[in-house]
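Novice: The chain contents come next:
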Amino acid sequence: MRTSRCLFGAIAAGSFLAAAAAQAERGSDGHVSIIYWQAPSILNPYLSGGTKDLESSSLVIEPLGRHDANGNLVAWLAESVPTVANGGVSEDLTSITWKLREGLVWSDGSPLTSEDVVFTADYCMHPQGGCAQLSNFDSVQSVEAIDDLTIQITFDVPKPYPYSVFVGAQSPVLQRSQFQDCLGARAPECTEQNFNPIGTGPFRVVEFRPNDVITMEANPNYRDPDKPAFATLTFKGGGDAAAAGRAVLETGEFDYAWNLQLAPDVLQNMQNAGKGTVVSAFGTLVERLMVNLTDPNPELGDERATPKHPHPFLTDRNVRQALSMAVDRDLLVEIGYGQAGKATCNVVPAPEIYASTANDGCLVQDIEAANRLLDDAGWVRGADGVREKDGVRLSILYQTSTNAVRQDFQALIKQWWSEIGIESELRNISASVFFGSDPGSPDTFQKFFADIEMYANNFEGADPETYLGNWKCNENPRPETQWQGGNMPRFCSEEYDSMLADMAKTGDINERARLGKAMNDMLMQEFVIIPLVHRGRVSAHSNTLGGVDLNTWDSELWNVADWHRVK
Amino acid sequence: MTDIEAFSAPPRSHWNDVWHQFRTHKGALAGSIFFALVLLGVSLGPLIWTIDPQFIDIRARNSGVSLAHPLGTDQLGRDTLARIMAGGRTSVAVGLTAMLLSLLLGTAVGVVAGFFRRMDGPLMRATDLFLALPLLPLLLVIILLFRDALRAAFGPETGIFILIVFVIGITSWMQAARIVRADVLALKEREFVLAARSIGTPSWRLITRHILPNVLSPIMVSATLGIATAIITESALSFLGLGFPSDFPTWGRLLFDSTDYLQQYPERVIWPGLAISLTVLSVNYIGDGLRDALDPRIRAK
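Those protein sequences? They're chains A and B, same order as listed.
With this note's numbering applied, the first sequence covers 5 to 571.
With this note's numbering applied, the second sequence covers 51 to 351.
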């Protein structure tokens with residue numbers, strides 16, 4: 005009996021995922037406990053935008069495809085990823101056809117069919133429902149079941165990147181028979197369904213206590229008969245990052261802790277206890293300086309920081325370049341982020357095919373060259389060491405949000421800039437005001453009533469088109485747009501806009517990557533955005549937990565079926 | 051013989067008596083010595099210890115006690131001793147100026163409300179109104195409204211200094227006003243005031259000559275307590291990240307910056323924390339001693 009099971013397991017593993025070695029039979033590794041310092045309140049991602057809810061529900065319900073740890077698209081419930089090349093995406097880029105794997109069943113034993121997928125789309129796109137993931141269904145015209153295993157999604161505009169629907173933890177498939185009475189306005193009322201969704205994932209819910217603990221057990225009908233290795237799972241929520249880090253790294257009470265945003269030496273101290281390991285992975289989050297190309301002088305009244313008034317000295321590319329050259333990015337990483345950061349010269353640092361190498365010169369700090377550059381450009385040091393030309397002093401107001409690491413960065417960068425003869429005044433603004441987008445406040449990052457500002461931003465998913473669209477000419481925040489828009493530097497280039505238009509018409513991934521890199525390089529070589537640190541996600545797992553592959557493109561628990569106990 | 055000596059001894063002045071009584075209060079004496087030391091330290095200290103408190107020596111970061119840095123350095127390698135002295139300069143200056151402002155306001159309101167019956171109602175209701183004002187939201191609004199104008203006129207640091215002093219001043223005069231009013235109300239009915247009034251002394255002269263000298267004791271006490279409150283408020287503001295630019299040290303800012311390192315480098319929290327607490331404590335003791343010393347009934351014992 006035992007031999008035959010092992011044999012069967014080996015065959016199944018070989019046929020499913022060649023990469024994952026067959027560990028043991030299902031449930032043989034006992035219990036695993038996970039701690040998230042934000043507690044999940046619901047297990048239905050269509051009714052919540054919170055990461056904690058998305059990730060906890062990803063243990064139970066799954067999408068058709070998702071991104072792996074490198075940001076590549078992989079098929080999950082689907083047989084393969086549809087592309088133009090394999091005919092899954094139509095030539096005019098307006099429809100995509102997914103085909104489900106054969107023989108998939110829900111944890112209650114009933115089969116998963118294309119009707120469930122169609123139902124999920126109806127569920128989210130219901131006009132009376134407040135679906136939190138509706139933006140993923142943007143411009144979807146229809147979702148139809150061609151046969152039991154085939155789904156066709158039609159868009160009303162050409163979608164060069166059609167992988168927002170049913171891809172990733174934010175867009176999983178729900179069971180039709182469970183949720184069919186929960187459409188529209190009734191969705192939030194279905195407490196039983198929202199707390200105990202039936203899924204295809206490796207675990208199923210035993211008990212859900214909102215904002216506290218979820219108890220789960222292995223899904224008896226999971227498609228891989230050997231997985232998951234754990235028979236039961238506890239998902240504990242609440243506390244703070246430091247406490248969660250301690251529970252895994254110092255006391256060993258938990259096996260996995262999520263998102264440990266702690267100072268590098270604090271984390272290092274915890275890891276020294278020897279119970280666990282800190283892991284980090286990098287998405288697209290970049291801490292950067294934005295350079296204001298317009299004049300924020302308060303005397304300009306309503307026209308301040310609008311393109312009508314160019315900045316007195318930051319419009320000089322030499323000055324912007326000198327600002328970038330004077331910064332020692334490696335030191336910033338060491339001080340602020342440790343393992344959770346690396347120096348970068350790109351505003352689009354990932355996924356790999358979009359990451360440019362054309363700007364890597366900025367990784368080395370060069371104060372001398374920066375000084376020479378400013379000398380040659382005619383900026384002469386005055387009596388107080390601050391450079392000036394034609395009565396314009398290089399004096400910068402440098403703002404950011406209130407945050408210990410950012411204030412350290414400000415102080416350091418101020419000192420480097422003073423070494424090249426640029427004076428700066430620091431200002432920090434409460435994060436809720438700075439990122440608050442209130443058009444009535446003068447201190448928002450969109451209004452940018454300063455010369456330089458620093459913050460971090462990233463893009464969702466693995467496609468940078470929307471993100472690069474931020475720096476279109478007409479995206480600059482101004483009074484007419486109620487100060488909304490993503491083009492903080494007020495950058496404007498026809499060439500950039502035309503490349504962006506080309507990208508919107510291109511379906512081929514390599515061509516898209518070429519355009520993406522070219523646009524990134526243009527922003528970098530104009531020095532309107534000065535990237536500093538590529539910031540990663542930091543989590544920790546116990547030394548006895550194996551199989552963790554930290555994924556910043558999707559749920560961190562995306563491969564929980566492969567987790568196992570290391571002996 | 052002894053009688054003659056007693057009569058020929060120089061007449062004892064009022065302030066001599068006060069000083070005599072003040073000396074007997076040990077806490078007050080220690081407090082005033084400490085406060086004088088703090089004042090000396092923050093005003094003359096930077097002339098002796100000349101390291102720039104804003105200079106970053108990144109190689110020396112997180113260093114402990116050494117000859118080069120007697121109190122160590124912070125996470126960017128800035129000298130802690132220099133920062134404490136520079137921070138104290140701002141904190142104490144804010145405390146003293148804000149105290150003066152709130153004292154002036156409080157006394158004026160208190161005397162006017164107590165002396166002129168018609169003004170009593172409106173002024174005391176205004177006092178209640180100010181007591182109900184929440185300081186932090188008010189400060190946020192004021193900073194938003196006047197920051198750019200003040201910055202243009204006086205530069206970033208002086209501009210914020212004026213703003214903070216002004217805000218603390220106009221939000222902390224109420225206690226002084228209430229105490230002064232209560233005393234003035236009582237004094238007004240005393241015989242010597244009635245006598246002065248009966249010979250036709252005008253109100254202004256009555257206030258400056260008879261009332262004010264007699265309410266000096268509560269004013270002095272609330273003044274010392276006011277310094278303490280102002281230092282604490284400024285520290286709280288800096289602790290919240292409002293106010294002065296982030297690289298401009300004040301005691302509250304130093305405390306705020308070091309809370310993240312509480313576990314590894316507790317001394318970074320202890321130094322500014324100690325400076326704030328001891329200064330406030332010493333000022334409180336001075337106030338306590340002054341109250342005793344200025345009260346003729348206690349002095350007579």
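Be aware that a few hints might be false.
Unchecked claim - Label-pair distances were calculated between CB atoms; the ranges are: (1) V161(A) <-> L179(B): 55 to 65 Å; (2) N273(A) <-> S327(B): 27 to 37 Å; (3) P187(B) <-> T470(A): 54 to 64 Å; (4) L179(B) <-> Q343(A): 50 to 60 Å; (5) G305(A) <-> L79(B): 54 to 64 Å; (6) P252(B) <-> G305(A): 29 to 39 Å; (7) D216(A) <-> P187(B): 54 to 64 Å; (8) P187(B) <-> D380(A): 45 to 55 Å; (9) S434(A) <-> Q314(B): 40 to 50 Å; (10) I371(A) <-> A80(B): 28 to 38 Å.
Source of the hints: derived by calculation from the structure; they are not laboratory data.
Positions of the beta carbon are idealized from the N, C-alpha and C atoms, including for glycine.
Novice: Does each hint fit the structure? Answer for all of them.
Specialist: Outcome of the hint check:
1. V161(A) <-> L179(B): 55 to 65 Å: holds, 59 Å
2. N273(A) <-> S327(B): 27 to 37 Å: Holds: the Cβ-Cβ distance is about 28 Å, inside 27 to 37 Å.
3. P187(B) <-> T470(A): 54 to 64 Å: At roughly 37 Å between Cβ atoms, T470(A) and P187(B) fall outside 54 to 64 Å, so the hint is violated.
4. L179(B) <-> Q343(A): 50 to 60 Å: About 54 Å separates the Cβ atoms of L179(B) and Q343(A), which means 50 to 60 Å holds.
5. G305(A) <-> L79(B): 54 to 64 Å: Since the Cβ atoms of G305(A) and L79(B) sit about 58 Å apart, the hinted range of 54 to 64 Å holds.
6. P252(B) <-> G305(A): 29 to 39 Å: Taking Cβ atoms as reference, P252(B) and G305(A) lie about 51 Å apart, which means the hint is violated.
7. D216(A) <-> P187(B): 54 to 64 Å: Violated: the Cβ-Cβ distance is about 34 Å, outside 54 to 64 Å.
8. P187(B) <-> D380(A): 45 to 55 Å: Between P187(B) and D380(A), where Cβ atoms are some 50 Å apart, the hint holds.
9. S434(A) <-> Q314(B): 40 to 50 Å: violated, 27 Å
10. I371(A) <-> A80(B): 28 to 38 Å: violated, 51 Å
Hints 3, 6, 7, 9, 10, counting from the list given before, are not met by this structure.
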